[in-house]
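Asks: All chains should be built: construct the whole structure from the sequences, respecting the hints.
Sequence order for the protein chains is A and B. Counting along the first sequence from 1, when you hit position 482 you're at 482 in this note's numbering, and nothing is skipped either side. Counting along the second sequence from 1, when you hit position 163 you're at 163 in this note's numbering, and nothing is skipped either side.
Be careful, since some hints might not be right.
35 Å max Cα-Cα, derived DSBU-like pairs, lysine-lysine [what the hints assert, rightly or not]: (1) B:K4 - B:K233; (2) B:K193 - A:K236; (3) A:K428 - A:K551; (4) B:K52 - A:K171; (5) A:K551 - A:K372; (6) B:K5 - B:K337; (7) A:K320 - B:K52; (8) B:K179 - A:K236; (9) B:K256 - B:K5; (10) B:K52 - A:K428; (11) A:K353 - A:K171; (12) B:K256 - B:K233.
Residues of chain B clear of chain A, computed beta-carbon distances all greater than 12 Å [said to hold, decoys possible]: (13) P36; (14) L59; (15) P145; (16) L189.
Below, a sample of chain B positions facing chain A; criterion: calculated Cβ distance under 7 Å [to be verified]: (17) L41; (18) G42; (19) A49; (20) A55; (21) V84; (22) R86; (23) I151; (24) Y159; (25) R162; (26) R291; (27) N300.
FYI, nobody ran anything at the bench for these hints, they're computed from the structure. C-beta atoms are modelled at their ideal positions from N, C-alpha and C, and glycine is treated no differently.
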Amino acid sequence: MKKISTSNKTLIYVGIIAVIVIAAGAYWLMQPAEEPDTTPEPEPEPEPTEPIAYRSTWAWPNRIDPAVGSDGSSTATHPNLYNSLVRITPEGVVGPELAESWTVSEDGMTYTFTLREGVMSHAGNEITAEDVVFSMDRLLTMGEGLAYLFLPYIGETTAVDTYTVQFDLLKSFGPILTVMPNFYVLDKAVVMENIAEGEYDDLGDYGKEWLMTHDAGTGPYMVREFLLEEKLIMDKFEDYWGETLAVEGFMFVENAPDVMEMIGTTEPITVRTMMSRGELERTDSWQPIESLEEMVQTEGVEMIGEVGTSLLNLMIHTNKAPTDDIHFRKAMAYAFDYETAVTDIFPHTTMVKGVVNEVLPGYNPDLEPFRKNLTRAMEELEQSAYYDQLEEIEIEIHWCAEVPAEERISLLFMDNMADLGVSVKIVKEPWLSMIETMADQDLSPNVVIVYNSVHFPEAGGDLMRYHSESAPTWEQNEWLLDETLDEMIEDALGTVDQAERFQKYGEIQQYIYDVCPTIYVLQTTTLRCIQDYVDYPYVVYGEQVSGIVYKVPLGFRTYYGLYTGVNQP
Amino acid sequence: MNIKKYVAYRLLSSFFVLFGLSLLIFSLSRLVPGDPARLALGPMAPQWAVDKLRAQLHLDEPIYIQYIYWVTNVFRGNLGQSLVTRRGVFSDIVEFFPATFELVIFSVILSTSLAILLGVTSGKYANSLWDNIVRITSYVGIAIPSFVWAIMSVFIFGYLLRWFPTLGRLSSGALMPPKVTGLLLIDSLIAGKLDVFRDAFYHMILPGTSLVISRLAQEARITRASVVENLHKDYIMAARSFGIPERTITLKYLLKPSLIPTVAVMGMDIAGSMGGSFIVETIFNWPGLGRYGMSAMLSNDINAIVGVVMLIGVFFAFMNILVDLITAYLDPRIMMKLRSG
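Replies: Written out as structure tokens, the structure is:
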């Protein structure tokens, strides 16, 4: 070891000084922001009330323009910034919102809505029929976001008078009122003040760029600041029409948040840290179960789950060997171990009892669900045209690289198929590549694992994915291309009478069940952690199913201040 | 060749490098599977809307035509429209760059000062206890990538010890100072808001140090090796034999030549940290270019991907030139060669 000479200790001194400076800096940082004031105060001022904040994490990006966004964070934001003509009530039925009442013509082709008077926007303008016409025209002209729900059906929108608006349909669409809550009304004057140059002639960009970071709404909250790639901050709108007009169901609940922060991260370690430090009221729905279970260990944090309407499906290609054989498909469906999938791989989820989620109106409960039964599987396999070629057969299953748990489903599937003597090739594929693959009938693999969401809360909102128009999209790897089925779906969706429509949904489910194009793995449950001082809306209005899992009203949307109270400690 | 000519030559060669990079990244972004227009509008968007957006992005044209459009627009200061934010990529870069730049500056100051200090002291006292401590910590630092440091620091200093914030640039509820430079530390000082300055600095510590550790360890090792090598050179021995104080030898004769390899590595490290911040920014929800680039890649936002990669390329080219100039300043042989021409 060399001896450190005295003359060369300067650098060490510099190092020591640097450490002291850093330590002093760190000490300074750890100190409270304000030094206590020692001078006596003449009169103690009343302390301002700390604003009630509700902070939650979300998958980003958040497209707050209601004519653009259609993903989870966007659709959770829209009802807080904007209002629709009608809404789904906590009881799960269609109820009034901006429209006080509505009528439907006998042929179901004309819907007339009477607007509430005195509804003021965040900018202080009264909302009239002209704003509704403008908003619908904007949605249909842009064709983005959830416009696809209206484009095939809405023909003309007319302002009959200041408070009456009429929609003339191009063709009958039974669930139109169920879909209507996805149409939001914008303050036309505000949008027009903020149009930039764009592709819509006189209307410029239709206010698109401005509305990505601002709002032109009437909702209970208004945008304070949108820090792209970081968070959206919304303030309570004190002059919200629900309050000023004293409309029951639209007034702020006690301890409604003054400030809403939607934070754009789903990073487990970050979310877990914020939750443990009390910097977050609610987590996003993308946290792994291990992380949620860890968070629950923190005092005051609890886990909740809500029964969703989505399904996790194994979509089977019905036009590709060997899965083009119905007996082969049924053998696969009987060989799959549903129990393991819902208990070990995706805890808190439930098994599917038919073709669509059992919570959806129009669900057919008379279908015997597929469950693991190797005897029946072998019986079906023996009837298959491929029974004597099993050694040469290899089924390809693709799973989405961004969802690691799907690999376990693939492995389970491979293991189950081995019981039948069928070999399986597992392919991990990035989502973008998967979309490309599924757009081509020849490239599409035998089986793909995909989550399917419903387009509107009825059985038809799920069944419509079996229409041939969806075949070249990721929504349908089954490639049914069945004209009879297409006609059945179109007929059901065009039926205005609800009971008749639901009966037709039931028949479609039977038709699909008989063809066995899909292995329905499970019904999803969205798991989250919340602080126990939050009155979570689904818990308030939901019906508890089992343990931590709650059933929520279908089509229920997150109106923060109206349904969420934050009793901050 | 004098220095001006040398700089001009380097700028010209950088232009060709950037041209090559633009060809490569532009082609790659267009060859990635998935129709960007369909992805932006969703699976259920009507075909006419998708076709319209494709036409707007020129995706319906051959790739070389698309490139010509892109290059023409770049010279007009237009990098195209982002499919995620629906705004101009240039505006997005202007908005997100300061956050990353501030983080990089912070990490550069930290890594430069510490790397030189650790490298020189461990080199001077090679094989001492101090040198061994620095060596072992450096190996650990080099072996572990920055995103692991980020996760570990969030866990230790955020979750367990709760010393530092782990999210964003400012605390929840804190008001942003008026935007002047976009650098919060500077803007808060301009606005005279010391509490915001402190909050911003406080937020920068974990992401900044996570970016620094691997780089710092490597630079310290290189400095140390260089110091050890120069320590036994004839001119140092001669200086010692003349009785020049050891402190003067270290600071005046040893430090300058020993920093030449360090500066070269440092330059590339700084430029690399622009790109290397992608995951660190995502973990800390830092609203910078890295996070923007990350979400662009996940959403196949082609114009944003090209814009971000090109900016990093420009930064690399600039740092390369800067490093060469600093090296020339540190090494008289290079300077003489340049002057003699």
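Asks: Next step is simple, just say for each hint if it's right about the structure.
Replies: Hints, verified against the model:
no.	hint	verdict
1	B:K4 - B:K233	holds (33 Å)
2	B:K193 - A:K236	holds (27 Å)
3	A:K428 - A:K551	holds (33 Å)
4	B:K52 - A:K171	holds (25 Å)
5	A:K551 - A:K372	holds (27 Å)
6	B:K5 - B:K337	holds (13 Å)
7	A:K320 - B:K52	holds (34 Å)
8	B:K179 - A:K236	holds (25 Å)
9	B:K256 - B:K5	holds (25 Å)
10	B:K52 - A:K428	holds (32 Å)
11	A:K353 - A:K171	holds (33 Å)
12	B:K256 - B:K233	holds (14 Å)
13	P36	violated (9 Å)
14	L59	holds (14 Å)
15	P145	holds (15 Å)
16	L189	holds (16 Å)
17	L41	holds (5 Å)
18	G42	holds (5 Å)
19	A49	holds (3 Å)
20	A55	violated (10 Å)
21	V84	holds (5 Å)
22	R86	holds (5 Å)
23	I151	holds (5 Å)
24	Y159	holds (4 Å)
25	R162	holds (6 Å)
26	R291	holds (5 Å)
27	N300	holds (6 Å)
Checked against the numbered hints given earlier, this structure breaks hints 13, 20; the rest are met.
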